[in-house]
Amino acid sequence: MKITVDQEACCGSGLCVLRADQVFDQREEDGVVMLLEEAPSPEDFEEVRAAAAGCPTGAIRLAE
Amino acid sequence: MTDEATPIPDYPFAQPHVLEPPQEWAENRAKCPVAHVRMPSGDVVGLLTGYDEVRTLLADPRFSRNLAREGGARLSNTEDGGMFSRRNPGATDIQEGPGHQRWRRLLSRAFTVKKMEAWRQRIQGMADELVDAMMAGGSPADLRTALALPLPVQVICALLGAPSEDQEKFAYWSEVALTLTKYTQEEVDTAQQAFLDYASDLVEQKRAHPGDDLLSELTLISDSEDGRLSHDELVSTARGLLLAGHETTSNMILKMTALLLAERERYEAVVADPELIRGTVEESLRMDPLAGVGIPRFITEDTEVGGVPVGAGSNLLVNMAAANRDARKFPEPDRFDPLRENNSQHVTFGAGPHFCVGQTLARVELQVVLGTFARRLPGLRLRDKPEELRPRDGVAAGGLQELWVTW
Numbered sequence: 001m002k003i004t005v006d007q008e009a010c011c012g013s014g015l016c017v018l019r020a021d022q023v024f025d026q027r028e029e030d031g032v033v034m035l036l037e038e039a040p041s042p043e044d045f046e047e048v049r050a051a052a053a054g055c056p057t058g059a060i061r062l063a064e
Numbered sequence: 001m002t003d004e005a006t007p008i009p010d011y012p013f014a015q016p017h018v019l020e021p022p023q024e025w026a027e028n029r030a031k032c033p034v035a036h037v038r039m040p041s042g043d044v045v046g047l048l049t050g051y052d053e054v055r056t057l058l059a060d061p062r063f064s065r066n067l068a069r070e071g072g073a074r075l076s077n078t079e080d081g082g083m084f085s086r087r088n089p090g091a092t093d094i095q096e097g098p099g100h101q102r103w104r105r106l107l108s109r110a111f112t113v114k115k116m117e118a119w120r121q122r123i124q125g126m127a128d129e130l131v132d133a134m135m136a137g138g139s140p141a142d143l144r145t146a147l148a149l150p151l152p153v154q155v156i157c158a159l160l161g162a163p164s165e166d167q168e169k170f171a172y173w174s175e176v177a178l179t180l181t182k183y184t185q186e187e188v189d190t191a192q193q194a195f196l197d198y199a200s201d202l203v204e205q206k207r208a209h210p211g212d213d214l215l216s217e218l219t220l221i222s223d224s225e226d227g228r229l230s231h232d233e234l235v236s237t238a239r240g241l242l243l244a245g246h247e248t249t250s251n252m253i254l255k256m257t258a259l260l261l262a263e264r265e266r267y268e269a270v271v272a273d274p275e276l277i278r279g280t281v282e283e284s285l286r287m288d289p290l291a292g293v294g295i296p297r298f299i300t301e302d303t304e305v306g307g308v309p310v311g312a313g314s315n316l317l318v319n320m321a322a323a324n325r326d327a328r329k330f331p332e333p334d335r336f337d338p339l340r341e342n343n344s345q346h347v348t349f350g351a352g353p354h355f356c357v358g359q360t361l362a363r364v365e366l367q368v369v370l371g372t373f374a375r376r377l378p379g380l381r382l383r384d385k386p387e388e389l390r391p392r393d394g395v396a397a398g399g400l401q402e403l404w405v406t407w
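Taken in order, these protein sequences are the chains called A and B.
If you count the first sequence from 1, position 44 lands on 44 in this note's numbering, and the numbers rise without skipping.
If you count the second sequence from 1, position 86 lands on 86 in this note's numbering, and the numbers rise without skipping.
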């Protein structure tokens with residue numbers, strides 16, 4: 001799995017951080033998404049998929 | 001012809017009782033992705049009740065939030081048409097598009113998951129004090145006065161650096177601002193001015209005596225005149241945060257408690273297993289039965305929604321609570337299930353670039369409240385029967401007037 005994030009589209013909700021804080025974080029200055037792991041480990045796949053599905057602006061893309 | 005044969009129904013729809021949604025939601029969702037309804041103003045809008053349609057519409061920038069324009073639907077029966085049509089000096093540029101993103105990013109940094117989690121202990125302390133006082137006062141108690149109003153007010157005031165003694169003023173100004181049919185234009189104008197003056201004074205106090213709080217930080221940014229936040233935008237933001245920071249959360253604490261105690265096994269499950277707190281909060285948000293009218297959008301170019309053509313210049317109204325009961329997204333949508341796999345994907349906080357900026361804070365507050373009740377008040381019960389609960393009619397935000405509990 002490879003993750004990409006669209007920081008321009010991100011609204012800073014932090015929902016992805018609540019789902020998978022080992023993979024996603026928020027920039028201190030504006031709350032915008034930061035990717036900690038481009039290629040997450042398989043045990044995180046389920047949470048990452050949920051984070052992508054739940055993103056309010058569809059700013060998380062997955063290539064599997 | 002069909003229009004004459006089938007009169008356009010009045011909106012909001014009547015409910016069987018306060019905790020049961022109107023049957024029209026399910027009927028429209030099944031048959032009519034865009035259903036025409038008449039608002040208290042007399043204006044007709046297209047109502048959306050399907051999950052996919054609601055999410056798509058809220059995320060699409062061609063659907064404008066600005067209804068203070070020629071052809072924009074008015075929702076309320078006041079002359080100004082209600083909060084979505086009211087011109088708000090200082091908020092024009094930050095309402096949508098690049099101006100909104102600039103403003104949003106200034107605010108988002110104060111509401112990140114890490115910052116909100118850091119507030120959890122402090123919110124717990126406030127909740128415990130309020131519950132102490134409620135218990136000392138003896139059973140029964142009105143949960144609105146005892147906790148649902150003061151807790152969110154104390155939290156947002158602490159965050160902003162505002163005094164929380166004025167909670168009844170904020171509550172009144174906010175309710176008037178959100179009127180559908182409850183208040184007159186004169187009452188709206190007076191309350192609007194009073195709220196704006198209050199916010200403006202608060203900003204001046206921060207300017208004179210800055211503290212370690214969000215409003216002082218925003219005042220510094222505004223005073224640097226670097227184009228990030230004008231003075232009018234600052235005052236408008238202060239007022240908006242005072243309103244949004246308490247109104248919806250206060251409302252939701254009552255609705256969540258009512259939903260859980262009306263079918264008490266939902267509450268007993270949390271008492272027995274605090275691991276269910278998170279899922280129970282999400283499921284309460286999803287199944288909110290008194291969520292208010294929804295959010296309108298003005299359509300700026302011809303398009304289609306759910307296969308139905310929608311012309312430029314028309315107005316759509318998104319009902320998030322109805323979308324949250326769409327069986328295509330949430331199987332058996334009327335069943336309360338704290339372990340539902342996707343229950344945090346409800347659209348109660350909206351979707352798209354205007355997704356509620358304070359939702360992490362709201363979730364933390366609701367989790368703290370439910371955890372505190374389950375731990376300290378395992379015998380909590382509704383004093384009245386669910387069908388006797390009184391809705392807050394005539395206000396766009398919906399909700400309950402009060403909620404009496406025993407323990």
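Derived by calculation from the structure, the hints in this document are not laboratory data.
Backbone N, C-alpha and C fix where the C-beta goes; we use that ideal spot for every residue, glycine too.
Errors might be hidden in some of the hints.
Unchecked claim - Here are the computed distance ranges between Cβ atoms for each label pair:
{"id": "1", "chain 1": "B", "residue 1": "118", "chain 2": "A", "residue 2": "41", "range": "45 to 55 angstroms"}
{"id": "2", "chain 1": "A", "residue 1": "6", "chain 2": "B", "residue 2": "125", "range": "30 to 40 angstroms"}
{"id": "3", "chain 1": "A", "residue 1": "45", "chain 2": "B", "residue 2": "99", "range": "12 to 22 angstroms"}
{"id": "4", "chain 1": "B", "residue 1": "302", "chain 2": "A", "residue 2": "28", "range": "26 to 36 angstroms"}
{"id": "5", "chain 1": "A", "residue 1": "53", "chain 2": "B", "residue 2": "118", "range": "23 to 33 angstroms"}
{"id": "6", "chain 1": "A", "residue 1": "46", "chain 2": "B", "residue 2": "193", "range": "22 to 32 angstroms"}
{"id": "7", "chain 1": "A", "residue 1": "6", "chain 2": "B", "residue 2": "342", "range": "19 to 29 angstroms"}
{"id": "8", "chain 1": "A", "residue 1": "21", "chain 2": "B", "residue 2": "10", "range": "44 to 54 angstroms"}
{"id": "9", "chain 1": "B", "residue 1": "125", "chain 2": "A", "residue 2": "64", "range": "36 to 46 angstroms"}
{"id": "10", "chain 1": "B", "residue 1": "212", "chain 2": "A", "residue 2": "6", "range": "46 to 56 angstroms"}
{"id": "11", "chain 1": "A", "residue 1": "53", "chain 2": "B", "residue 2": "376", "range": "35 to 45 angstroms"}
Said to hold, decoys possible - Here are a few chain B residues that sit away from chain A, every Cβ distance over 12 angstroms (derived from the structure):
{"id": "12", "residue": "14"}
{"id": "13", "residue": "16"}
{"id": "14", "residue": "33"}
{"id": "15", "residue": "41"}
{"id": "16", "residue": "87"}
{"id": "17", "residue": "104"}
{"id": "18", "residue": "107"}
{"id": "19", "residue": "108"}
{"id": "20", "residue": "197"}
{"id": "21", "residue": "353"}
{"id": "22", "residue": "355"}
{"id": "23", "residue": "377"}
{"id": "24", "residue": "381"}
Right, here's what the structure says about each hint:
Judged by the Cβ atoms, the range 45 to 55 angstroms given for residue 118 (chain B) and residue 41 (chain A) is violated: they are separated by roughly 28 angstroms. A beta carbon spacing of about 39 angstroms between residue 6 (chain A) and residue 125 (chain B) agrees with the range 30 to 40 angstroms that was offered as a hint. Between residue 45 (chain A) and residue 99 (chain B) the beta carbon distance is about 38 angstroms. The supplied range of 12 to 22 angstroms is therefore violated. Checking the proposed 26 to 36 angstroms range against residue 302 (chain B) and residue 28 (chain A) shows it is violated: the Cβ atoms sit about 42 angstroms from each other.
Take residue 53 (chain A) and residue 118 (chain B): their Cβ atoms lie about 28 angstroms apart, and the range 23 to 33 angstroms holds. At roughly 52 angstroms, the beta carbons of residue 46 (chain A) and residue 193 (chain B) sit outside the given window of 22 to 32 angstroms. A hinted range of 19 to 29 angstroms holds for the C-beta pair residue 6 (chain A) and residue 342 (chain B), which are about 22 angstroms apart. For the pair residue 21 (chain A) and residue 10 (chain B), the supplied restraint of 44 to 54 angstroms holds, since their beta-carbon distance comes to about 47 angstroms.
The supplied range of 36 to 46 angstroms is met by residue 125 (chain B) and residue 64 (chain A), whose beta-carbon atoms lie about 44 angstroms from each other. Separation of residue 212 (chain B) from residue 6 (chain A) is about 33 angstroms and departs from the stated range, judged on CB atoms against 46 to 56 angstroms. The hinted range of 35 to 45 angstroms is satisfied by residue 53 (chain A) and residue 376 (chain B), whose Cβ atoms lie roughly 36 angstroms apart. Once the 12 angstroms rule is applied to beta carbons, residue 14 (chain B) is consistent with being away from chain A; the minimum gap is 31 angstroms.
The non-interface label for residue 16 (chain B) is consistent with chain A: the shortest C-beta to C-beta separation is roughly 31 angstroms, beyond 12 angstroms. Listed as outside the interface, residue 33 (chain B) is consistent with that label: its C-beta sits roughly 21 angstroms from the nearest C-beta of chain A, beyond the 12 angstroms cut-off. The Cβ of residue 41 (chain B) sits about 29 angstroms from the closest Cβ of chain A, beyond the 12 angstroms cut-off, so the non-interface label holds. The claim that residue 87 (chain B) lies off the interface holds: its Cβ sits roughly 25 angstroms from the closest Cβ of chain A, which is beyond the 12 angstroms cut-off.
Its closest Cβ contact with chain A, about 7 angstroms, brings residue 104 (chain B) to no more than 12 angstroms, contrary to its assignment away from the interface. With a least beta-carbon separation of about 8 angstroms from chain A, residue 107 (chain B) fails to lie farther than 12 angstroms from that chain, contradicting its non-interface assignment. For residue 108 (chain B), the shortest C-beta to C-beta distance to chain A comes to about 3 angstroms, within the 12 angstroms cut-off, and the non-interface label is violated. Listed as a non-interface residue, residue 197 (chain B) keeps its Cβ farther than 12 angstroms from every Cβ of chain A; the least gap is roughly 30 angstroms.
Not every CB of chain A is more than 12 angstroms from the CB of residue 353 (chain B) (nearest about 5 angstroms), against its label as outside the interface. Residue 355 (chain B), annotated as away from the interface, has a beta carbon of chain A within 12 angstroms; the closest lies near 4 angstroms. No Cβ of chain A comes within 12 angstroms of the Cβ of residue 377 (chain B); the nearest lies about 27 angstroms off, and the non-interface call holds. For residue 381 (chain B), the shortest C-beta to C-beta distance to chain A comes to about 32 angstroms, beyond the 12 angstroms cut-off, and the non-interface label holds.
Going down the numbered hints, you'll see the structure goes against 1, 3, 4, 6, 10, 17, 18, 19, 21, 22, while the others check out.
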